[in-house]
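The whole structure should be built from the sequences, with the hints applied where relevant.
For the record, the sequence lines run as chains C and H. Residue numbering for the first sequence follows our numbering, starting at 48 and increasing by one per position. Residue numbering for the second sequence follows our numbering, starting at 48 and increasing by one per position.
Careful, some of the hints might be misleading.
When chains are identical, the list treats them as one kind, so a pair holds in a single copy or across two.
[Said to hold, decoys possible] List of simulated lysine-lysine pairs, DSS-like, C-alpha gap at most 25 Å:
| # | residue 1 | residue 2 |
| --- | --- | --- |
| 1 | Lys55 | Lys76 |
| 2 | Lys76 | Lys59 |
| 3 | Lys274 | Lys394 |
| 4 | Lys383 | Lys59 |
| 5 | Lys357 | Lys59 |
| 6 | Lys386 | Lys52 |
| 7 | Lys408 | Lys370 |
| 8 | Lys383 | Lys408 |
| 9 | Lys76 | Lys52 |
| 10 | Lys386 | Lys408 |
| 11 | Lys105 | Lys94 |
| 12 | Lys383 | Lys65 |
Bear in mind the hints are in silico, worked out from the structure with no lab data behind them.
2 protein chains.
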Amino acid sequence: MVLHKNNKSVLKYMLGEKSICNLPSILKKRRISGAGGAIFILDEFFKNNKVFELGLEKSDQLIFVETSKKEPTTDYVNQLNDNIKNSGPSDPCAIVGIGGGSTLDIAKAISNLLTNGGRAEDYQGWDLVVNPGIFKVGVPTLSGSGSEATRTCVMTNPRNGLKLGMNSDHTVFDQVILDPALTATVPRDQYFWTGMDAYIHCIESLSGSHRNAIGDALSFQTLSLSKQVFYSENMQTLENREKLMVASYLGGNAIATSYVGMVHPFSAGLSVVLGTHHCVGNCIVMRAMEEFYPKEFEEFWKMVAVQNIKIPDNLCKNLSDEKFEQLYNSTIIHEKPLKNALGEDFKNILTPEKVREIFEKM
Amino acid sequence: MVLHKNNKSVLKYMLGEKSICNLPSILKKRRISGAGGAIFILDEFFKNNKVFELGLEKSDQLIFVETSKKEPTTDYVNQLNDNIKNSGPSDPCAIVGIGGGSTLDIAKAISNLLTNGGRAEDYQGWDLVVNPGIFKVGVPTLSGSGSEATRTCVMTNPRNGLKLGMNSDHTVFDQVILDPALTATVPRDQYFWTGMDAYIHCIESLSGSHRNAIGDALSFQTLSLSKQVFYSENMQTLENREKLMVASYLGGNAIATSYVGMVHPFSAGLSVVLGTHHCVGNCIVMRAMEEFYPKEFEEFWKMVAVQNIKIPDNLCKNLSDEKFEQLYNSTIIHEKPLKNALGEDFKNILTPEKVREIFEKM
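In structure tokens, the structure reads:
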């Protein structure tokens, strides 16, 4: 029996400055009698910054999510889901996520939970979601994570420390709006850290053993766009913001056909044990990647220098043995990407001592 | 009011050698009680060449289409559609197109016609298809046209000579299977001519005025893959066939966000007036494109030389004035691509004399 990955795409995407203006007309088609209002999951930034019109109707709800301090937890998703369920008898006509990767992931998770029942943690894993979610729209306001294109939404379960997504075709957005006007106000550091997520998952995929011709093609194009942006004098012109938005979308499509490698598991370790945000975490991990990705290591730090970006350091300098053990455990658990990078015997290469040595460089 | 193109994607795609083996299991999910069998629209080549298992069931039908002599006509599509309608009371559970661009286009047209009624010519134009078609699967066995990814299916209406597609979101395949094993037997000339379709529509799009960041990114990647294939010693290795298949798919996605330019309208002229096949027609038109695409002209003829491919010539040497008038009319009718290439006053540039001069180079 031959098995090939059947890749699900975002059904419709729109690109261009001010394309968010089309959101009300997209939602209008979903506002049929009997259905509830639309639920907007927005990054808290938009609470005090009205940069676009949502075309709100009476039954719609706005939910502002806090993403600056922590990444999504299953508890938080469950709580939002309960609030929506308790607010009315009908399922919403649409879930609209407007924000960075965390906000989009929360929107994806809620869309699935509303039609499948149960708790968020029940669906962490592969292909556990049974029913299609509520019609969902993704509007990234930060480029790089690729969440707008992928079939996962990552959450941490605070009870067992597991950081894992609902990997399912049902997690893919039905509509994506790529509007580079929305990334105009992103702070420089964050723009770089998050933008680099696309670059990093593509170098991981291209260095891995699970390559395929379409993932490769999309990855090469993502790297080309990322380098155009981060080697240029002003990485945040409209043209560059649009390029980075496309890089994020294509990079998300690329990684959905393949696997990440060394960087993401180590970054997940930092995230679970030290609470480091995913994207800055990836950049911190790059401090220790010369051995595994030598050419890309050099390229990455050149772009850091060109843009004069601060990547935090000395994160793991004075940690206890217990913390290092936790870091080891929450890194080594990511078997698929580590096998993709190092092969079946990755545990013989990544001994606890070696993992500690790697973290000590961060 | 800001308007942006809302691009519909193929919902699911699969890539890899022998991925066609997954077709029976994909169809199994559509074989629900009450629905009719699956209709397989196959290129006539497969009548005597059994290269894969279709997992046929009793109620399924095989239709072999003749594509070597002519391109799809509305009459032919209508006739196939009538035959399917007369063969049973239920709509088929799926339409599967297996072949080159013409075969895929016929499958797309029939899928739409079965659920929308009427005749093929009723839907030639933009967004005239009202209902979603029958679930449709595209399996290209020739790379380049991009039909597996686009929202159109081109047919010629023999009554008015109009060569035009059903441009509609409903025309997009629900599932595509990209299996490079299926292009192993394509003759060298045809492999080159058709493969060049992807290269040509991307150079047209990148030189036009309707560019966008995602169409550009996909076009650049398509050009890169095409050049890797056609500059290499053996353009038909498995690796190169897989690359060209990806180039075709990405090129189709690229052109769906943009417009073609000079080559396609002139090639359509050859097609309507002289019956030239679309892809070899494009290559013939390239004989006269130095003035419009100088860099790409040079690159194209270099690839022709590397692969030692024969591009027909002297096609328009001894044509009557009447034929040249017909050629002018069936070229100049393609306003959108010609505007994309030359601007609003394209008719002042492409006078009947100029058009004749261009055709005389072919």
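Hints and how they fare:
In this assembly of identical chains, the alpha carbons of Lys55 and Lys76 lie at most 25 Å apart whether taken from the same copy (23 Å) or from different copies (16 Å). For the homomeric pair Lys76 and Lys59, the shortest alpha-carbon distances inside one copy (14 Å) and between copies (24 Å) are both at most 25 Å. For the identical chains of this complex, Lys274 and Lys394 are neighbours neither inside a copy (33 Å) nor across copies (41 Å), given an alpha-carbon limit of 25 Å. In this assembly of identical chains, Lys383 and Lys59 lie within 25 Å of each other by CA distance solely across copies; the values are 23 Å between and 30 Å within a copy.
In this assembly of identical chains, the alpha carbons of Lys357 and Lys59 never lie at most 25 Å apart, being 37 Å within a copy and 40 Å across copies at closest. In this assembly of identical chains, the alpha carbons of Lys386 and Lys52 lie at most 25 Å apart only when taken from the same copy (18 Å versus 41 Å across copies). Within a single copy, Lys408 and Lys370 get their C-alpha atoms as close as 15 Å, which meets the 25 Å cut-off; across copies the closest is 75 Å, which misses it. In this assembly of identical chains, Lys383 and Lys408 lie within 25 Å of each other by CA distance solely inside one copy; the values are 24 Å within and 57 Å between copies.
Taking the shortest alpha-carbon separations for Lys76 and Lys52, only the inter-copy value of 16 Å comes in at or below 25 Å, while the best intra-copy value is 32 Å. Taking the shortest alpha-carbon separations for Lys386 and Lys408, only the intra-copy value of 22 Å comes in at or below 25 Å, while the best inter-copy value is 57 Å. For the identical chains of this complex, Lys105 and Lys94 are intra-copy neighbours only, at 18 Å inside a copy versus 60 Å across copies, given an alpha-carbon limit of 25 Å. Taking the shortest Cα distances, Lys383 and Lys65 sit within 25 Å of each other only across copies (24 Å), while inside one copy they are farther apart (39 Å).
Checked against the numbered hints given earlier, this structure breaks hints 3 and 5; the rest are met.
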